[in-house]
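Chains as they are written, first to last, in my numbering: chain A, 1 to 164; chain B, 165 to 485; chain C, 486 to 607.
None of these hints come from the bench; they were simulated from the model.
Each hint should be verified, as a subset may be incorrect.
[To be verified] Taking lysine-lysine pairs in the DSS-like style, the calculated list, with each CA pair at most 27 Å apart, reads:
(1) C:Lys527 / B:Lys226
(2) B:Lys463 / C:Lys601
(3) B:Lys230 / C:Lys527
(4) B:Lys230 / B:Lys198
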Amino acid sequence: MSGGQSMLFVLVGVVAAVSALYAVLTRQILRSIMSLGAFLTAVAVEFYVLAADFVSVVQIFVYVGGVVVLMLFALMLSASGERHPLAGADRPGLGAVLAYLVGGGLVVASLGAGLPEPGKAPAQTVDLLGRSFLGGQLFAFELMGVVLLAAVVAALVVARGERQ
Amino acid sequence: MSGAATFAWGALWGAVSLTIVGALTTVLVLVERKISGRIQMRVGPMHTGPHGLLQTVADIVKLLFKEDVRPARADAMAFRLGPLLTAVPAVLSFAVIPFGAPLIMRDLNVGVLYFLAVPGVTAVGLLLAGWASYDNYSFLGGLRSSAQFISYEIPRTLAVVGVVMLAGSLRVSAVLEAQRTVPFLVLEPLGFVLYLVTTLAEVNRTPFDIPEAESELVAGYHTEYSGFRWALFFLAEYGALFAASAFATVLFLGGGNGPLLPAFVWFLVKTLAIVFLTMWIRWTLPRFRSDQLMRLAWKVFLPLSLVNLVLAGLAMQVVAG
Amino acid sequence: MNDPYQSDVVFLLGFALAVFALPVFTILVFRWLRPSRPERLKREPYESGMPQASVPRRPFHMAYYNFALVFIVFEVETLLLFAIAPVLRDQGWAALAEVGIFVVLVALGLFYAWRKGALVWR
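Here chain A stands alone, though its shape is the one from the complex (with noise of 0.2 Å):
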């Protein structure tokens, strides 16, 4: 990494960081969305400054265009009004534990991982992710359409739930 792109990462991360703590901490649920919104969004900025375009824009497709959409559907078709769900969660401590636990680990194996220095990013990555698809990683791609379509089901087997 250059100077001037690690100091632009450290940037945009510490934006995606305070919009996800803001996106837990405020009792908003409409903010909590919002804030979430903003936080993909510089995951987005973050994956395209790392030279990861395809990676970047698919994030801002289906995230920022489609996740953060649903949630304001469930948020307004339930009428939930601003309260966040997590206000009245069950049991606070036990997700904070596991939160702490997944996270912790996945600190724990970046660190022990023994990440290669980067090297130069290539001119064209979508080509090569393609190339990859149909080649070496025809088999994951492929499963992924299983995978999807397994989804697709799932996803109408929890709307018929909703509807007896």
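We have chain A; now place chains B and C onto it with these hints.
Below, chains B and C alone, put in the same frame as chain A:
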């Protein structure tokens, strides 16, 4: 360029894009009112300036100085954020529009996908605006428009996959380069039709303007808005309409490619022709019902766009082989 | 700044800042120039001239949520196709068939949702 210079350069082009969108909205609203007048055997606005040419300019001045009324129980933050999140994505998409061959602000590696992804954030703005207003019409309008928006986004995005296959790149300049001899309209007529029709739905225009169906929902998600915030919704609508038409030109009509005239002129002629087509459709066709609209998206356009994908694959093999 | 990705990001951040800040700036400036006389009736939500019959904060059709759920799945499938599409041209029929299998899986999902009546708007 240094980092600060690139940042300033980006901010400059952002300001330029916003100015372009403002000017376009001013012109296109007037043009639309004139066209609708012709189609309905009226004359349209006639009194402000010669032939009513200054009507929208006067409207803008009025809107800027108008009181900003907010319902007492509205959520102030969401009420302010809604119009911004609707308008900003539409303007952001201008960053990758090639106004003629060299006139592109930023030729991103994933330009085509950027153009499809960024305006998607509009759905968030519509929902926020409708919900924040604390008004039943706005609430319904916001829900309907975003549901329609996301439903039509899939066939629209799928229609573009075929173009990317033929062009072999997500770069806007490469898509134009690949059409130097034959525009993709010839190879992918179905894709063009799909893109165009789903685009009408994306920018909420008749026959897909259920979200703001005047006769049932008053003004939909922007019922409670006034003044400049209200104007932002119109910036979003006409900005998105122009951007989407410009991209139809890029993806299927070969952008600025054409004989004799400079690329910039060709580009504008093609884009404005598509804009005119959407206006013509708007003032000719009646509006779909809400359930027809959703059925059309999922049961007609989505299967058709999968068929189009197969056709595009075959076309690609014919061109390559 | 030789890295094109970084330069793209900085450009787009500047672009977004201008596009976001200018409308906000306009609103703030004209706040001093436009009238502001809020009164109770003016700040009532519009409901065709009558007092609001019901509040918009109430439970509403789940159909919207279900469509959004199915939307996300198909969106991810579409984007996976975008990753493959640029390199498909010089890969021949075999690669096309491989993508064909994926498209068939997408179509199966659509067919399933269709048969289960999930695509009917209620």
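Taking the hints in turn, this is what the structure says about them:
Of the supplied pair hints, the one linking Lys527 (chain C) and Lys226 (chain B) holds, its CA atoms being roughly 19 Å apart against a limit of 27 Å. Distance restraint check for Lys463 (chain B) and Lys601 (chain C): the Cα-Cα separation of roughly 13 Å lies within the 27 Å cut-off, and the hinted pair is therefore satisfied. A threshold of 27 Å between alpha carbons decides the hint, and for Lys230 (chain B) with Lys527 (chain C) the separation of about 14 Å falls inside it, so the pair holds. Proposed proximity of Lys230 (chain B) and Lys198 (chain B) is supported: the alpha carbons are some 25 Å apart, at most 27 Å.
Every hint from the earlier list agrees with this structure, and none is contradicted.
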